[in-house]
Amino acid sequence: MDQQILSLIVVGITFAIYIGIAIWARAGSTSEFYVAGKGVHPVANGMATAADWMSAASFISMAGLIAFLGFTGGAYLMGWTGGYVLMALLLAPYLRKFGKFTVPEFIGDRFYSKTARVVAVIALLAMSITYVIGQMRGVGIAFSNILEVPLAVGLVAGMAVVFIYAVLGGMKGITYTQIAQYVIMIFAYTVPAVFIAITLTGNPIPQLGLGSTLQGSDTYLLEALDNTMVELGFTQYTATEGGMSMLNMFLLTLALMIGTAGLPHVIIRFFTVPRVRDARKSAGWALVFIGILYTTAPAVGAMAIWNLVNTVHPGEIGTEEGHLAYEDKPAWMERWEQTGLLEFEDKNEDGVIQYYNDEDEEFAAYAEEEYGWEGSEIVELDRDIMVLANPEIAGLPGWVIALVAAGGIAAALSTAAGLLLAISSAISHDLLKGVFTPKISEKRELLAGRISMAVAILFAGYLGLNPPGFAAEVVALAFGLAAASLFPTLMMGIFMKKMNREGAIAGMLVGLVSTLLYIFLYKGWFFFPETAMLPDNQDGWILGINPSSFGPIGAALNFITAYIVMKMTAPPPKDIQELVESVRVPRAD
Amino acid sequence: MSQDLSREAYWKANLRLLAICLGIWFFVSFVLGILLAAPLNNFYLGGYPLGFWFAQQGSIYTFIVLIFVYAWRMNVLDRKFNVDEE
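Chains as they are written, first to last, in our numbering: chain A, 2 to 590; chain B, 6 to 91.
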């Protein structure tokens, strides 16, 4: 059967499943709409959280990112998993005990201030909207790349499906759909990885295969990869030098950890379990399900770069049989060339391909002298193709390729739905019910929630179709804001009984503004690149700190400001201090 | 000597447990996976240089175990201090 039709059928089946679940899990009350009636089993919630959390970026981009970073790619792996430790230990059980619907609601109640609640809503909307644009874009790209339909068609189909199950089912519909999406996603990710691990190392478990010897040889895969990379002028794959500096790896890991723990659409997942102890355990289950993908990703990345290099350089480098001739290119290379994500140029017109590190001047000079190379001939290599092309590189059957398409779409849809719920609950519950029209009936609030969800979907879809030029940078912004504004404020709300309204608001504002300023300095005011004040590179960064890694510093500024302001102003009223005490123990009073 | 089973004592016990868990969290990722990764890379776990393994595999496994151990120890504390949910 034609690959495109097969892919469309598989994606169509998954869509039918999502809609079926939506009809079965309709939400009837605000509690069901916002927190699935607080009745989700911790294991099921862990699985839904994993799907909620793992976005198109985790599914499609992360392995490719690691493939080209090598060792320092660990910052993403540790950062995006270590945040769950912070969430499970420092936030989830206490927020669950508090027992309300949204993150701004906790901040507003704990700091007895509508202003604090509104500031939290602004921070939440800023990060959730920037984040959701990338997801809608991911849905569109998965459709247009793999199914070969126009971006707009794919995007509208994706929006329609999310619309049905999120607007109808709220958190309840989203949760059960996300469980199905997790299963599809993890299956689509691990099946090609298992096949590739078997082909290369004979070990079917990718996590073990990466540490094994190559099939029919005594050499370890990683050792062989290190040697090959050095022969091509790169640094060793597993070595700590190359990639980013140690300071930036340290800060980026910390930024991603704190940012993950402060993302409201993930935090609200822990409001949906029945008890406090379920919230603790559920975070563990979430990390188990996330860990399955995140420990497979390093194997996918390393094996993909190994396969790529060995396809281009099948033999000893510099010899005639050591290079792939242009006319012998495998079919998958030809196919990806058509998308423009992979591009070759025969610079020295020798009819064969050379791929090496021509940015290293010493090695480039040596290669020209020794081999007559005039520059790396893979001139465009989009890292996102690493996961998508994987099944083709490994020569897997058509249904696996179709499954990867469905998996990518599932990853993007599940995250988009979680974000849309966070956005709609912030508007209907925090702004309408909490601030503007406190007397609104439950029925009207539910309707308002559905309408704001629908508007958010249309808005996100529009931006996904006409993305502002800064789509890639804004993800760093979303994490920076979560790390610098929400996480410290939530933590102080629980762990510092004496933290007061003034301190919390001042801290949040300083965290928000300092992070925004630092990012705008390098990326341009409101992301207009021409307005950047300082060069965005190692030399231009203050103390060598990358804007993506600024989160922990913004968080530290938040803590310090809050502490100083707290010392100068009146302590919180007695009933608030009692609220903190009751949040700290699982048993209801 | 009778044990102090007050809420303050419960909170102190919780903070102590948190400090231990977060210490381990920091040690496997930031110390073993980043700061000491270069010297650790001279040792091997199968084909994995050890620093590389901590940065891309080991820390994730540790995080998972850590959350479950914390959840289990907290359940024990909850019962001991009689603050568990019935």
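Hints in this document: simulated from the structure, not taken from any laboratory. Backbone N, C-alpha and C define an ideal beta-carbon position, used for all residues, glycine too. Be a bit skeptical, because a hint or two may be false.
Stated by the list, open to error - Restraint-style ranges between C-beta atoms, simulated for each label pair:
1. Gly28(B) x Glu582(A): 23 to 29 Å
2. Ala557(A) x Gln8(B): 24 to 30 Å
3. Ile543(A) x Ala43(B): 40 to 46 Å
4. Ala43(B) x Ala332(A): 37 to 43 Å
5. Asn87(B) x Val157(A): 41 to 47 Å
6. Thr438(A) x Gly28(B): 31 to 37 Å
- Task: Could you tell me which of the numbered hints above are not met by this structure, giving the numbers in increasing order?
- Result: Hints 2, 3, 5 and 6 not satisfied by this model.
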